[in-house]
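Q: Here the protein sequences line up with chains A and B, keeping their order. For the first sequence, the working numbering begins at 841 and goes up steadily by one. For the second sequence, the working numbering begins at 1309 and goes up steadily by one.
For the record, the hints were derived by calculation from the structure and aren't laboratory data. All values reported here derive from a predicted model rather than from experimental measurement. There's no promise every hint is true.
As the list claims (entries may be wrong) - What the simulated footprint calls covered on chain B by chain A, stretch by stretch (three residues with Cβ under 8 Å from a Cβ of chain A suffice, anywhere in the stretch; the number is not a length):
no., stretch
1, 1410 to 1418
2, 1568 to 1575
Said to hold, decoys possible - Simulated restraints on C-beta separations:
no., chain 1, residue 1, chain 2, residue 2, range
3, B, ASN1497, A, ARG996, 23 to 33 Å
4, B, THR1373, A, TRP871, 51 to 61 Å
5, A, PRO874, B, TRP1485, 11 to 21 Å
6, A, LEU1041, B, THR1431, 37 to 47 Å
7, A, TRP871, B, SER1362, 53 to 63 Å
8, A, PRO1115, B, ASN1417, 54 to 64 Å
9, A, ASN1122, B, LEU1405, 44 to 54 Å
10, A, LYS1091, B, ARG1567, 46 to 56 Å
11, A, ALA866, B, SER1350, 34 to 44 Å
Beta carbons: idealized from backbone N, C-alpha and C, even for Gly.
Below, each chain spelled out in residue letters.
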Amino acid sequence: MEYVIESQNLAKTFRSYEKNPGLWGAIRSLWFRPYKENRAVLDFNLQVKPGEMIALLGPNGAGKTTIMKMWTGIIVPSSGQVQVIGHEPWKRDKQFRKRISLVMGQKSQLWWDIPALDSFLLLQKYYEIPDREFKQRLDMLSSLLQVQDKLKIHVRKLSLGERMKLELLASFLHSPDVIFLDEPTIGLDLVAQENIRNFLLDYHKLHKCTIVVTSHYMADVEALCKRLILIIGGTKHFDGPIEQFTQILGKNKIVTFNFSKAIDFKQDLWPDFEPTWNEMGNQVALRVPTEHLKEVTVQILNEFPVSEFSTEKLPIERVMKKILENPSLARPSGHSSA
Amino acid sequence: MKSWGKWSQTIRIWWGQYTAYRINFFLQVIGPVLVFFFVKYSLWREIYKGIGNSADNPVMIGGFTLDSMLQYHGWILVFSMLTQGNANFDLSTDIRLGKISTYLIYPFNFWEYQTAGFFAFQTLEWPVAFFTASILAACNVIYFPTAAALVGVLMLAMFISILQFTLQFLAGLVAFWLEETWVLRVLLNIITTFLSGAVIPLDLFPQTLKSILAYSPFPYMVYYPVKVAMGLHPLEPKVFIILSAWALVFCTFNVMVWRRGLRLYTGAGM
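Isolated chain A (complex conformation) (with noise of 0.2 Å):
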């Protein structure tokens, strides 16, 4: 199988009616309800090789989340074709959903009220894995996410990072070769956030399997995957290498000076530039694109009282931060680069 996942034309409309705030705008609803037609995937085009990591981004409603769930058949395609390890998805056949997972970060699948020991021997049992092989990966994951101490607690009783790692051992538990991890980090703090990408990364390099993720934290999709794709209001932006992405705004660098007092940033020579100062106006934050580098570095250093400098790629967050205020910059694009 040349790819995993292969997405063609997709698109879904999702239908939904207005109403007016107020007691009016409910008593009116109840005979007139506008409805309108939210198109939140429109021609999505993707192939996704085996063993992949890839990255879904976007801002709020983009589509990400649609697409993830139409690649993993919770949802119907309004049109177009999908088709993920052979299967078409929202056929759910028994064979392809024991072929794939799914984590949701802001939905736990663990039963609530219950050690999470008993989810694993319950999802043993769904995904027919032998006792042997069952203890083995058990004891690998756990070891893995180090929650072997957990495993016998009810999972209400838990905290956000000890169950979204007992989530992930959840859905690796039944070896998937497609792997779907909807925002896997959200509100977990700095440290549970690098354990579970620690996670991943290794479980990838074990296992070869197809990862799919997507996330807010931009340190996640840096961490994790090689390749980006973009998509804002439904439709592909971007894809391809991370380096790539990057490069959007054009080949940049950013050039941070430490000032040995506060400077004038009033001065022409800044605005070209995107300045960010620090309150006491003694350090700037340049994005200054490679070929004029040289100059313009040593043009401050022969100008200001410079008492430091550094210079850094332009970070995925400033370049994700810039498409989100101006969508215009990652134009839309119809074809994979897979």
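Dock chain B against chain A, hints included.
A: Here is chain B on its own, set in the frame of chain A:
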């Protein structure tokens, strides 16, 4: 064998969930039917008293003396426990809030999961029903039939509970189309309760209505089994066929509605 393992483990999970909150469980099982029983108990006593019933002058209403009327409602209490299933399961909320998404991913169908929940609930509820029946018998409100009749009654209860479950499931699936279905479910509950003879015995209904109801599943859900339990009616094998046929009809509707509804499902909240 693998399939049995899935079912038994799912039933165990449901047991765990039902018994996690013990007070809630007992209130759910006993509460509504017990309150309903005492309301009817008081009501019928007052009705009989109002029309001059006394030990010397026993009055009959629709062929029921006060004692037999109270026995009728005592058996309804027991039967409600045996057959109501997890009537409070809120499938419609699960659909509306997108809670069924998780179960659409697992290689164990959603209806199988819910049916296992129903069986789990029944296995917990039946001992409570036996206990209640024993207390009512000890208080001379009801009288146990012969062992053979009791087995027949329990078999009836099993068939009726399956029919109830398929009907409740269908009512829940309407949530694919309607945002709020509780009014519909309450209406269905009231209609079922009334037309099955759980409030007033069908003997007091007009003959025309009784004849029409004979073509519906309602009389077989309460009136008929209670009469059998009271020894007032023989147990006819055709009733099992009627109950199975209705359950099959609702199952067919469930499959059709589920397939169509899933096309509208939005998986909200994810």
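Q: Now look at each hint and say whether the structure bears it out.
A: Checked hints:
1. 1410 to 1418: holds (count 6)
2. 1568 to 1575: holds (count 5)
3. ASN1497/B <-> ARG996/A: 23 to 33 Å: With a Cβ separation near 31 Å, ASN1497/B and ARG996/A satisfy 23 to 33 Å, so the hint holds.
4. THR1373/B <-> TRP871/A: 51 to 61 Å: For THR1373/B and TRP871/A the Cβ distance comes to about 53 Å; the hint holds.
5. PRO874/A <-> TRP1485/B: 11 to 21 Å: 19 Å Cβ-Cβ, so the 11 to 21 Å window holds.
6. LEU1041/A <-> THR1431/B: 37 to 47 Å: holds, 45 Å
7. TRP871/A <-> SER1362/B: 53 to 63 Å: holds, 57 Å
8. PRO1115/A <-> ASN1417/B: 54 to 64 Å: Once the Cβ atoms are compared, 59 Å apart, the range 54 to 64 Å for ASN1417/B and PRO1115/A holds.
9. ASN1122/A <-> LEU1405/B: 44 to 54 Å: holds, 52 Å
10. LYS1091/A <-> ARG1567/B: 46 to 56 Å: holds, 53 Å
11. ALA866/A <-> SER1350/B: 34 to 44 Å: holds, 40 Å
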